[in-house]
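Given chain A, work out where chains B and C with the ligands should sit, using these hints.
Residue numbers (our numbering), protein chains in the order written: chain A, 5 to 804; chain B, 123 to 329; chain C, 1373 to 1680.
Bear in mind the hints are in silico, worked out from the structure with no lab data behind them.
All values derive from a computational prediction rather than experimental measurement.
Be aware that one or more of the hints could be misleading.
Said to hold, decoys possible - When the alpha-carbon atoms are kept at most 20 Å apart in a straight line, the in silico EDC-like pairs for lysine to aspartate or glutamate are as follows:
no., chain 1, residue 1, chain 2, residue 2
1, A, Lys252, B, Asp133
2, A, Lys80, B, Glu259
3, A, Lys80, B, Asp255
4, A, Lys358, B, Asp175
5, B, Lys261, A, Asp91
6, A, Lys358, B, Asp179
7, A, Lys259, B, Asp312
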Amino acid sequence: MQKQNSPNSGVSRRSFLKWSAAAGGATAALSAADFAFVPARSSSHAQSAAAAARMVRTCCPAHNCGGRCPINATVKDGVIVRLESDDRTYDELDDPRILACARGKSYRRRLYHPDRLKTPMKRVGERGEGKFEPISWDEAIEMAASEIKRVKETYGNSALFVPYGTGSYQQVNGSHIASRLFNVYGGHLGYYNNYSWAQIQRATPTVYGTQTTGGQRQDWVNAKYIIMWSWNPAEMIDGSNSAWFIKKARQNGAKVVVIDPRKSLSAVALADEWIPIRPGTDAALMSAMAYVMITEEIYDKEFVATHCLGFDETQMPAGLEDEESYKDYILGTRDGTPKTPAWAEAITRIPRAKIVQLAREYATIKPGVLYQGYGMQRRAYGEQPVRGGCVLAAITGNVGIPGGWASGIAFQPTAGPYWTGMPGGSNAVETSIPCFLWSEAVIRGKQMTGKDGVVGADMLDNDIKLMYAVATNCLVNQHSNINRSAEILKDTSKVEFLIVQDQFLTSTGMFADLLLPACMGYETYGLQDGWKYGEEAIFMPKVVEPAFESKSDFRICAEIAEKLGVGDAFTEGRDERGWIDWIIENVYRPGWMPNIPTIDEFEQQNIGVYSVPVTEPAITFADFRADPKANPLPTPSGLIEIFSPELFNMNQPEEIPAVPKYIQEWESPFGPEAESYPLQAVGHHYLHRVHSTHDNVDWLEEAFPQRLFVNPIDARARGIEDGDQVRVYNDRGTIIMPCRLSNKIMPGVVDVPTGGWWTPDENGVDRRGAVNTLTSERWSPLAFGNTQHTIMVQLERHQA
Amino acid sequence: MANKQLGFYIDLSGCSGCKACQIACRDKNDTNLGVLWRRVYEIGGGSWHEQGDALVDGTFSYFVSSACSHCTDPACIPVCPTRAITKRAEDGVVIIDQSKCIGCRYCEWACPYGAPQFNAATGTMSKCDFCQDFLAEGKDPACVSACQMRVLHYGDIEDLRAQYGTAGAIFPFPDPSITQPNTTFTPHRDSVPSDDRSAQIMNPEEV
Amino acid sequence: MNTSELALVIFTIAAQMSVGAFLVLGGVHFFATRYAGIEEADKLSDLALLAIGPVLVFGLIVSVLHLGNPFNAWRAITNIGSSWLSREILFGILFAGGGFLFTLMQWRKLGSPGLRKIVALVTAAFGVGLVVSMAMVYYTLPSVPAWNTWTTLASFFTTTLLLGALAISTAFVGGYTYLHARDRAESEKQRGILVITLRWMALVALVMMGLQFIILPLYMGYLATSGPTAEQSAAILIDEHGLLFAIRLLLIFLGAGVFSIFIYTLARSNRNLRLMSTLVYGAFALVLVGEVIGRYLFYASFARIGPL
Ligand SMILES: Nc1nc2c(c(=O)[nH]1)N[C@H]1C(S)=C(S)[C@@H](COP(=O)(O)OP(=O)(O)OC[C@H]3O[C@@H](n4cnc5c(=O)[nH]c(N)nc54)[C@H](O)[C@@H]3O)O[C@H]1N2
Ligand SMILES: Nc1nc2c(c(=O)[nH]1)N[C@H]1C(S)=C(S)[C@@H](COP(=O)(O)OP(=O)(O)OC[C@H]3O[C@@H](n4cnc5c(=O)[nH]c(N)nc54)[C@H](O)[C@@H]3O)O[C@H]1N2
Ligand code: SF4
Ligand code: SF4
Ligand code: SF4
Ligand code: SF4
Ligand code: SF4
Ligand SMILES: [Mo]
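Bound conformation, chain A alone (with noise of 0.2 Å):
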């Protein structure tokens, strides 16, 4: 980014190096490093004599990065010179070790960057310029803390809104801290859900009525058959170690199947096979399975006769026995379009005998895991799969035994992990939106009703006017369509005041009023447990000294409470270390950790890790499949609702139907726009960041470069050879960027990975490859949720 310099002019490199020698102490070489300001090798054994180095137990600020790893920092005259990982030597399957990623093992690179923000800046040119100035601590303070009073004094506390921002969940650091001091200023307008798995939260209750669908990862190795729909645990970890217990399973016997548009790195090391199939088209694939088991009559007839609702006609609910039931659906009785492999083929490009197979493996290798990934639910009707999904595990019975996976969004039925033990306070403002939402509210908020996802109220009663983004970069790199965020926060009638607390100048940064910098997880106390699933929480000692002017998101706020005069409200007396304490004796002890260490054992004993083992992995649902009478589902009817009538009564059938179908997508390969815009795109998480973080840091570029992937037939269908700078486009932008000819993509659909740094050039032209330039903000139908994977875009080589 060209237009990363600019914050830096104020502090040179020079200074950045006289910086770290002095917070190094008597250390004078600190240089040899041209990139960062990490000491070389050789200067550092050069001075062993001076200090001995010292190996901290702690945790990698994992961000949002699907996973939470131990790590072992060493650390020398003050700087972190390795990072090394779970040095625990017990690895086996009920308290593995944690491995850490090329993320977390590439920390230092980003920990001693030469581009962080290393003092306040407020902005000084036009708003999304990039132009900043360096200001004292006192004045951001005193500007955040003004501008925070006058909103709140024009237009209200639901004015005032916390970004969804998923930076860091390390306790102290993250936006919830943001979220808490607006809370004790009385209040903001909330939001719900999120960006990354907005519709199967939603739509895995409509058949279960609970989000804890899942087991433990142990019980794995227990299924015969695993099916690994839109899920790449290898690159997006979904709990440190996913990968490997697959791995377990499979060496136990257990055949794995990966569905999949492109062939990630789990269907490469975890899968026997790999279907691929058109992106959005699982539901389709999905009903022809059923359609299989169905008329070959091999699903679980009992337990559907005994456990579900709507399957058939003999199983409609009251009162709407007429309508339509999944078996209706499935065998076209009513559409008069059964839904055969052969009509599945057409659509999702897997040949008919394959579905025929996939069928019968799952119906009858069991007992069977068909786990949902979530890039197949951040689609338009992504609630659609989610719910076929669920469907499939309940008619082949795979609920409630061992070795088996009810599908849905599986959350663990353990009391962790926490995420934030941090109280976040009560929020004044009852209203909340959808997160995905918050390009409307600022545009348009005092419109917003229960149409758009407003809960809470009927209404907003504002518009946005004052955002704080704390460890966000969903303002514009993050949130679909880029361009169009960029106007809307361009205008300064509309947001009056951006406040952004970061560790970089990220592309949301250059839209700020007002950037804080804030300090890495390295850098304060920290305390973080699994991703999803985890039975471990992990102890973050501040390792190092906070860079520069950095500080804790935490120090932040509590100085700007201060100046707004809730600092004790907001602090309670607690520091960053208090607070940790207090998280672990307030809520992990009392909760399911009563053997937690003290914060003071932790740090004494240099613990790191603390975890408990799972011989016994529990089984979700056992009690209701052994008497669903007697333990009921918490769903309206208690049982499984493959008919659910509460979709049924939101009346919108043809976007929401009460049994899950395929819809084809807004933006299809079967419409009309795909005349211009012939291919699918998608953005998947991709291992050299966790979103867009990461997006900077060397060592990842070089083992994941970020550029295109695309199959040589559509590639060579436009003369485009590997390596070549391609312009990939729709009507809502263009990116320019180097592509990979990959035979590991399907023909049809190209990847661009999700969070490369936006950086438009002099035509507004991407040069990184933010997908986001590409993506549309229209939201799916049910949940509100983010359609990011669903677009459809045109490719050509670039002629520079």
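The following block gives chains B and C with the ligands in isolation, referenced to the frame of chain A:
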């Protein structure tokens, strides 16, 4: 310590290409960008076919993590004009003495594994030294202890071969008879032999 | 091709040219002595001899540029026991030393002609050793099929003799022009030596070119049939560098072929010395450029078995 020969074992069937090993080696050795003592190849080949509306995938792919194989008959040692490269008697580890190397890059030509990596900053050749300092401390090599899938192991090559077999002639590596490398593999379901002409390194700019 | 390989191109060409020139000069001197007596023989050859040294020294200096860490260069001869690279450097030093000694003796007429002859023969042997070890550096790499073939040796020697012959021709023409300008009468004998020498040198050039044109198709055939890595090298030569490849052949053909035939015919009939001289200069220039391109292609064709 009895005379033994250290070597690596990689279960290719479970290597995900996650590159934790590669980065662990970087972090441990502070190697400069472009100098990859351990690196991960993406191998692929085959093609797609249309069958009516359906697509049939006729492609194959697998990953191979690779460093120096501390060969029994190393090609790098005899060619080195300065005797900078030596093979330790006690464990067969092949090490380049930085103080002797003149950076002629002859070993780089000779080694059929791409193990020696020229360090432009020092003008000398460098490569995997089997984390000799870690071994001395009784620790596992950084890459081994980092492997997320637990498919990368090390040990006395005789033991590894006895336990996991002797597969070595896997693309992109040449016939092991040339240098007798001390790395043994479990093949991936897709992996092809050394002389398979349909296979290709798919990520040349990453390695 | 990076600068370090460019250094190798220059070094190997310069070294081979000086060895070739030294060998050829020895032969010429031998016959010239019989033809015109040692005094006359010395006149032209001593001038030529003086030109050889600087070329070699230049080559050796450039060769150091190819090292990443030149300060350690002295270590390069510590593995004579197994490294052809060490041997190459050793022979390079020996040849340079012998050549220096011989030149000094010859120039100052130190020692008896017999002793000088012995020094010359030993130096020539060092030169041959230099070219042999130079070729062995590449020939002994089974990991690089494009080099691991007898044609590496053969082509290094044809280059050596071809460049040697044309370099000596050029030196003689230059030397003669110098002598002629100083003393017209005295130069008559020298003209005789010159013309005979040019005739023979033209023949040598023609034969070397012939050999090269026999080796080349054999080499390409070898590349085409020796596995994927060799094919990769062939593809680099033909697909990537086809034009250079063709230019190189054309230059050699013109210089060592067409020009040499003219030189030969002119020299036989001993007419038009002016044109002959021009042709000699031209032939040398064409062949030198051709050989430099050829050597460049030799390095460019590098493809190693196994992953890069
Ligand atoms: N390396 C890495 N890991 C991460 C993250 C990261 O940024 N980088 N982010 C973390 C976060 S916050 C989240 S929410 C998760 C996200 O995890 P996911 O949402 O599961 O990850 P994605 O890569 O978006 O999608 C998973 C797979 O779905 C495939 N896919 C896309 N569309 C379709 C479709 O229509 N049908 C089918 N069958 N497959 C489809 C993609 O090709 C991809 O391989 O990852 C977490 N882990
Ligand atoms: N097209 C497309 N878009 C997507 C997705 C997709 O699959 N496709 N995935 C979506 C998903 S699942 C998610 S979760 C979102 C994630 O979107 P975001 O939550 O915006 O995640 P990041 O881009 O990682 O931005 C996090 C920011 O926090 C900063 N940060 C890190 N640590 C700290 C800290 O301790 N304090 C402070 N103050 N800042 C910190 C980082 O520097 C970074 O700029 O993206 C969504 N966007
Ligand atoms: S998975 Fe997450 S926590 Fe673990 S090392 Fe990678 S980035 Fe860090
Ligand atoms: S792999 Fe290469 S560098 Fe390593 S010992 Fe063998 S020949 Fe030498
Ligand atoms: S580069 Fe160094 S180690 Fe390699 S052959 Fe030359 S001197 Fe020996
Ligand atoms: S053993 Fe050590 S030096 Fe060798 S590849 Fe592994 S980490 Fe790198
Ligand atoms: S860490 Fe292990 S799984 Fe990952 S690339 Fe290396 S060898 Fe393969
Ligand atoms: Mo997410």
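Evaluation of the provided hints:
At roughly 13 Å between alpha-carbon atoms, Lys252 of chain A and Asp133 of chain B fall within 20 Å of each other, so this suggested pair holds. A C-alpha spacing of about 19 Å is found between Lys80 of chain A and Glu259 of chain B, which places the hinted pair at or below 20 Å, so the restraint holds. Our distance criterion of 20 Å between C-alpha atoms is met by Lys80 of chain A and Asp255 of chain B, whose separation comes to about 18 Å. Using a Cα cut-off of 20 Å, the hinted pair Lys358 of chain A and Asp175 of chain B holds, with the two alpha carbons roughly 13 Å apart.
In summary, the hint linking Lys261 of chain B to Asp91 of chain A is supported, as the alpha carbons are separated by about 10 Å, within the 20 Å threshold. Under the criterion of a C-alpha separation no larger than 20 Å, the hint pairing Lys358 of chain A with Asp179 of chain B is consistent with the structure, at around 12 Å. Taken as a hint, the Lys259 of chain A and Asp312 of chain B pair is honoured in the structure, with Cα atoms around 16 Å apart against an allowance of 20 Å.
Violated hints: none; the structure is consistent with every hint.
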